[in-house]
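Given the coordinates of chain A, assemble chains B and C onto it according to the supplied hints.
Residue numbers (my numbering), protein chains in the order written: chain A, 1 to 194; chain B, 1 to 444; chain C, 1 to 121.
Watch out, some of these pointers could steer you wrong.
Under the rule of at most 27 Å between Cα atoms (straight-line distance), these lysine-lysine pairs were calculated in the DSSO-like manner [stated by the list, open to error]:
(1) Lys380/B with Lys352/B
(2) Lys229/B with Lys208/B
(3) Lys44/A with Lys16/C
(4) Lys72/B with Lys122/A
(5) Lys122/A with Lys20/C
(6) Lys47/C with Lys95/C
(7) Lys380/B with Lys356/B
(8) Lys370/B with Lys157/B
(9) Lys44/A with Lys264/B
(10) Lys298/B with Lys264/B
(11) Lys300/B with Lys401/B
(12) Lys300/B with Lys264/B
(13) Lys44/A with Lys122/A
(14) Lys157/B with Lys300/B
(15) Lys356/B with Lys275/B
(16) Lys72/B with Lys88/A
(17) Lys100/C with Lys20/C
(18) Lys122/A with Lys16/C
(19) Lys157/B with Lys88/A
(20) Lys401/B with Lys275/B
(21) Lys219/B with Lys208/B
(22) Lys71/C with Lys47/C
(23) Lys122/A with Lys62/B
(24) Lys356/B with Lys370/B
Here chain A is said to cover these stretches of chain C; the calculated rule only asks that three of the stretch's residues, wherever they fall, bring their Cβ under 8 Å from a Cβ of chain A [what the hints assert, rightly or not]:
(25) 3-13
(26) 101-115
Quick caveat, the hints were computed from the structure, so don't treat them as lab data. The beta-carbon is built from N, C-alpha and C at its ideal position, and this holds for glycine as well.
Chain residues, written in single-letter form:
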Amino acid sequence: MNNHLLINELQRDALQEIMNISMGQAANALAQLINIRVILSIPKISMTTPDGLQSFYHAASPHHFARQSFLGDMHGEVISVISDEGCKELGEAMSYDQPMDANSVNELVLELTNILAGACLKGMVDQLGSRLHLAAPSLFEPEQQLHSSYNWHHALLLEILFALEHISFSSRVVICLDEASIAVLAGKLNEMLD
Amino acid sequence: MDRQQLFEDVVSQLAIGVCIVDSGYNLVYWNNFFADRLQMPMADVEGKSLLELFPDQATFLKRKLQSVFVLKNASFSYWEQRPVVFQFKSSRPITGEECQMYQNVEIYPIFNTDNAVDRVCITVYDMTVTASYHQQLTRLTQQLEAEKQQQQVLINKLEEAHNQLLQSEKMAAIGQLAAGVAHEINNPVGFIFSNLQSLQDYLSRMLKYVDLLSKIVDKVPQPTLHQLKADYVQRNQLAMVLADCPDLLNESLDGAERVMAIVKSLKEFSHVDSKEWSAADITSGIESTLRVINNELKYKAEVVRHYAADLPALYCQPMQLNQVFMNLLVNAAQAMDSFGRIEIDVAFDEQKMVVKIRDSGKGIAPEHMKRIFEPFFTTKPVGQGTGLGLSLSYTIIRRHKGSINVESTPGVGTCFIIELPRRSELEVQQDEASLAAASQHGVL
Amino acid sequence: MSLAVTIADDSLLSRKNVRKAVPTDLVADITEACNGVEALAAVNAGKAELLFLDLQMPVLDGFGVLEALQKQNANTIVIVISADIQPLAVERVYKLGAFKFLQKPLDPSQLRAALAEVGLL
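Isolated chain A (complex conformation) (with noise of 0.2 Å):
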């Protein structure tokens, strides 16, 4: 797979550095809302097809998936995966009703998505000088999804890592964008480039 299908080296330059930018924003933003210190990974930015996307859904332990599409200038799909593993911990750091039961660690996952993501996207559009608008997230089963009925080729893969100080947890954010919005984004960084 060429990573470098749609978008050059300059632009991934800049989107590299402007993602690392909304990441600070998101850690610095969520260590205030849950108090505990976040460690946010360099974003990982690469292409993939529907299939490479499919592959993405394999985890060993359990996990939890959400996702929540945007529209905007540019419009796609962020999708989180959530370990299982330090929900009921983070939950408590967020004040959720202990103990929790099935229904309060979905709610926490649709919380974590709104969160992440929203965090993710909106340091980002702010530096690119675009607006989007997030809908409302809601749970999957990848398992269930029928990725034949994908109708794109291409999609821009933004994938960040989040885990936290002292709780074993850890998430993987990734906003999606299909090749007509990937234009956009290409376009908007070359403004910023020149």
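Just chains B and C, lined up with the frame of chain A:
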């Protein structure tokens, strides 16, 4: 009407709840949706803390509002996870069908001119109708799932029953074969036995005759004749032959008698399906059952009988009762971990006969006691027990208006107690007739 | 006044943004570094009287650079420009002797304010 007035009017009448709070979570505005349902007009609540107005959800609201102020992004809540955020009066005030409103809530930031967020807007959507459809659907799905599982159980049972049927057909075929063989053997064995009896009679006469002749020869004063006899007796080992003959015949008679007994049992058991009512001796039924399953029992347990003297005949279905005895005896034998003891008590009083079959086997686990008479209940490995034996026994005893009970101590043994009322032929006929009438009317 | 300035950041875009924000009359010479090691080399070569330093960099990160400078008592004014804005990071940066912490994305007016604080403007 100017634009602002227009928008205010529209928002106040929206069919969704709209509520605006400031960064201290104090109320700036709510529309009629809130005011009407809570019967708290805007003027009464302006400036009040939202968290104090809804103390039950204060923790939740605070967390959500905080995240919107900090992240400057919308936040959501769904009826699936949190059905009721705001405690409203019934959303169905007339029909009272739903006492709580299921809600989706969306909280989003309102940016001021400095691009900062000092207020957020809370919108509430009534999801009650969707939720009730959804719940109905979920219930229906669960019901279907449960029914599907029940059907699967039923299918398994049917399969078992089918296997049982095959097995019983096989048994019936073997039974018929046995009856045929028994019939064929019965005649020759009969004449072998009676011929042997005649032969025994003749032989004793011939032996006497030989004895007489021998004595006569001894009395004749002719040494050559004596020598000749002695030589003959010696050569043919006649002393041994003559002594052996009665033993041989006795043994043969004994053998023939045993063959006849087995043939008789086989003939009786080839009628095992017979539901004929007759006056019968219970103990002879038990004995013929014991003969048939002798092979199953002899290495497993010693059988001890306590039969009451002068036992009266019982008007019953003898072959059906034999089936019950066989089931209980075979179970008893299979319950033995090592060589044990099976005791059979038969007693009676004016009203009833009581048969107890007690074994020294491993006993029945307490959790299984209630279920042992259920059809298809078995603790034996798959394929070794149909789980029908005891339920069949139960049905047979009920048909005799009797009862079958069990007492068991794990590790000590089990005792089955069968009580059979002593009914006259007339009583039985009346009971059977009313049973037949009931089944025709579809009561059974 | 004209200074030897080094901009250390692994991102081309960020280096560009800093370049655009620095008043031209202040600068004699601008060196660009893509990681911490290159940044230290620039300092040692006397090309960094003023150092704009990113924290997240390959090979040697910004904290590593600050530690090395502190050790060798270097006479360099360091302005950290970072995406990691969690309070703990900021605190550590100041402890390691940075003059100013600026958050990304860089706001040119904040940069000028910082330069004024140092007395360079």
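Next item on the list: Decide if the proposed pair is consistent with the structure: Lys219/B and Lys208/B, CA atoms, cutoff 27 Å inclusive.
Entry: Measuring from Cα to Cα gives roughly 17 Å; hence the hint holds.
Item checked: Satisfaction of hint between Lys157/B and Lys370/B, Cα-Cα up to 27 Å -> With Cα atoms ~19 Å apart, Lys370/B and Lys157/B stay inside 27 Å; holds.
Next item on the list: Would you check the hint for Lys44/A and Lys16/C, treating anything up to 27 Å between C-alpha atoms as holding?
Entry: 22 Å, holds
Margin query: For Lys380/B and Lys356/B, compute the direct alpha-carbon distance and say whether it is at most 27 Å.
Written below: The hint holds at about 23 Å.
Note to self: Lys380/B and Lys352/B were given as a pair; does the straight-line alpha-carbon distance stay at or below 27 Å?
What the structure shows: 33 Å, violated
Check: Between Lys122/A and Lys20/C, is the straight-line Cα distance small enough, at 27 Å or below?
Finding: 25 Å, holds
Note to self: Taking 8 Å as the Cβ threshold, is the statement that the stretch 3-13 of chain C is covered by chain A upheld or broken by the three-residue rule?
What the structure shows: holds (count 3)
Next item on the list: Verify the proposed pairing of Lys356/B with Lys370/B, using a straight-line Cα cut of 27 Å.
Entry: At roughly 19 Å apart (the allowed maximum being 27 Å), Lys370/B and Lys356/B satisfy the hint.
Check: When you check the alpha-carbon spacing of Lys157/B and Lys88/A, does it fall within 27 Å?
Finding: Distance ~44 Å between Lys157/B and Lys88/A Cα, so the pair is violated.
Note to self: So if I understand the rule, the pair passes when the alpha-carbon distance is 27 Å or less; does Lys44/A with Lys122/A pass?
What the structure shows: 18 Å, holds
Margin query: For Lys47/C and Lys95/C, compute the direct alpha-carbon distance and say whether it is at most 27 Å.
Written below: The hint holds at about 24 Å.
Next item on the list: For the pair we were handed, Lys229/B and Lys208/B, check the Cα-Cα distance against 27 Å.
Entry: 17 Å, holds
Comparing the model with each earlier hint shows violations of hints 1, 9, 11, 14, 19; every other hint is respected.
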